[in-house]
Amino acid sequence: MIILDNVHKNYHCNGENLAVVKSANMHIKQGELVSVVGRSGSGKSTLLNLIGCLDTVSTGSIIINKTDVANMDGNEMAELRSQQIGFVFQAFNLIARSNAIKNVEIPMIYQGIKASERVRRAERILEKLNMLDRKYHYPNQLSGGQQQRVAIARALVNEPNLILADEPTGALDVKNARDIMAVFRSLANENKTVVIVTHDQEIAKMSDRVFTMIDGNLVEE
Amino acid sequence: MIIYFKLTAIFMTSLEALKENRLRTLLSLSGIMIGIASIVLVISINDSGRAVIFKELETFGLRSVWISRDMGDYYDNKSNFVRGSGLFDDDYQYIKENCCMSLLNISPIVNLRANGKIQIIGKDIRANVTGVNERFDKINNEKLIAGRFLSIDDVKNDRFVVVISQEIASMLSQAEIDNVLGARIKILSNWFHIVGVLGNKSRDFISSIGANKESANMRILAPYTTIQKINGNIREISYFQGEAKSISHAPKAVKEIKEYLNYKYKGIYKYNGETMVAYIKTANNILKNISLVGFVTALVSLVVGGLAVLNVMFMSVVERTREIGVRKSVGAKNRDILSQFVSEAILITSIGGVLGITLAYSIISTIVFLFQFDISVSSVGVLVALISTVTIGLLSGLYPAIKAANLKPVEALRYG
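Going down the list, the sequences are from chains A and B. Take the first sequence: its position 121, counting from 1, is numbered 194 in this note's numbering, and each next residue is one higher. Take the second sequence: its position 76, counting from 1, is numbered 82 in this note's numbering, and each next residue is one higher.
Label pairs and their calculated CB-CB ranges:
no., chain 1, residue 1, chain 2, residue 2, range
1, B, Leu29, A, Asp246, 30 to 40 Å
2, A, Asp246, B, Val324, 29 to 39 Å
3, B, Thr372, A, Arg197, 51 to 61 Å
4, B, Val324, A, Ser189, 31 to 41 Å
5, B, Tyr10, A, Asp206, 30 to 40 Å
6, A, Cys86, B, Asn295, 55 to 65 Å
7, B, Asn412, A, Met74, 27 to 37 Å
8, A, Ser134, B, Val324, 28 to 38 Å
9, A, Asp246, B, Asn412, 31 to 41 Å
10, A, Gln214, B, Leu29, 15 to 25 Å
11, A, Asn138, B, Tyr10, 23 to 33 Å
12, A, Glu89, B, Asn412, 22 to 32 Å
13, A, Gly217, B, Asn412, 29 to 39 Å
14, B, Thr397, A, Lys102, 48 to 58 Å
Please keep in mind that the hints were generated in silico from the structure rather than gathered at the bench. Where is the CB? At the ideal position from N, CA and C, for every residue including glycine.
Same shape as in the complex, but just chain A (with noise of 0.2 Å):
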């Protein structure tokens, strides 16, 4: 369940106060697939970023399974992401030097797991996203939706409430950017709350609730 509340963030540069998210206010429940449209520039990311914890509010609340985190410190907010939170990025953002194994293996060092049950976890859930026989490839030997399903693999190891994804199709062709949304779905009918950031109607049509960014202000349509 996450809960915004009055979110607003503005960013300082060049001596200037630029409101990027102006107002908003949201209310998700735990196991819906929800969208957030808008032009680039609209603060659509920044909305993300500011859910997932890679960036503090500048007012208002966020809540996350009924914790704020709107005071919490580095450490505090790495952790939450650690256990309770999934990115999906438009570029994969996978590790070219580390074949697609070691890649979902990355979240579980950082929990501190074991190295043969890094190994087990992470071919379970490669196994989940039809990815197993291709353990062993690295990032340039694969498609992109591929890639896209290697990085889906990473978001769901540490097994997360929340998976927030970031123009997740926007790399991928029409029949790939399907194949992804319906694991997007599969996994909300798992009981997990899918946060979609994207330009495309088409995509956000598929999801329960769409919201729009408008210039900073997020409205539901």
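Position chain B against the provided structure of chain A, taking the given hints into account.
Chain B alone, transformed into the frame defined by chain A:
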């Protein structure tokens, strides 16, 4: 346990990152390697050099003192010309029996007047023939390799016996050193029995810098009384060589002897006193300067190596900004990122350090093998090298690592 699994994984990640940039890793690693090797070499060569020099200084007896008449001043305090060494048998008796708290042993030294050519069984050999007493072996740090040293009876009874150096002994008998014992040699017109053989002394370094031209290994020692007899029954002593209680007692011993002599002769003669203290100081100063120059040079190369690591680490942080963002987004804490980069830097410097020590070992082994120099790897040097390795790793890794750790995840993810 959790920490252990985490740190092992971070360490493995470091290895992978270093493997990815093999050439770069190798280059920065060799900088450290050369720096560490030079530190070990400088300290080893310095230690070995010190050992060689002090071994040579010891052949004079480190606690030795020398008292002689000041040969630059032949005039007494009334400007009358005065001949002679200014030292006599009764002075020896007095000093031996009554004088000088700081003195352990003293020997009169009497030079043969007609020094130079000595006929030994048909051969002409140039040797230094010196008259000494029965304590001289202790004073001058002599090692006897055969027979015995001069005895108190030899000295009392002006016996015609000698102790010769190993080099002369080997000229007399190619086969066994013991063969020369009991043999006779002729010095001027006098026949002497050989009673002992002295071990060789190494003064290669000291004579190579011209500090002592006298050959230590062409020596013949006889009772000083016997030499006085040959010189024409003159009860004169060329100079005294004594042994102070310790190196630091030496100047005091000189002062005490000189006080006695000045009191006795009331300014007729002026005296010179010498100790090893000045030579030890000089040797120490020279060694200190040499090692300082070497050490600074080695340090400079180590610092350059450290800067290379620093540079590589900075490049690595910049290149991997996005990776840092990803790692943070999946739950890496600041200290995880910090340990990541510090462990990479320490890994580079440690490998460089171990290779550097190995390099120093092989260079020294090669020198020893090719030139038979007396050098060994200094364990202090290795210790210093290991400590500086870890220090440099920490210093050059810490700053880039802190920069990496403090990157904001959002900004890091947006990079590139």
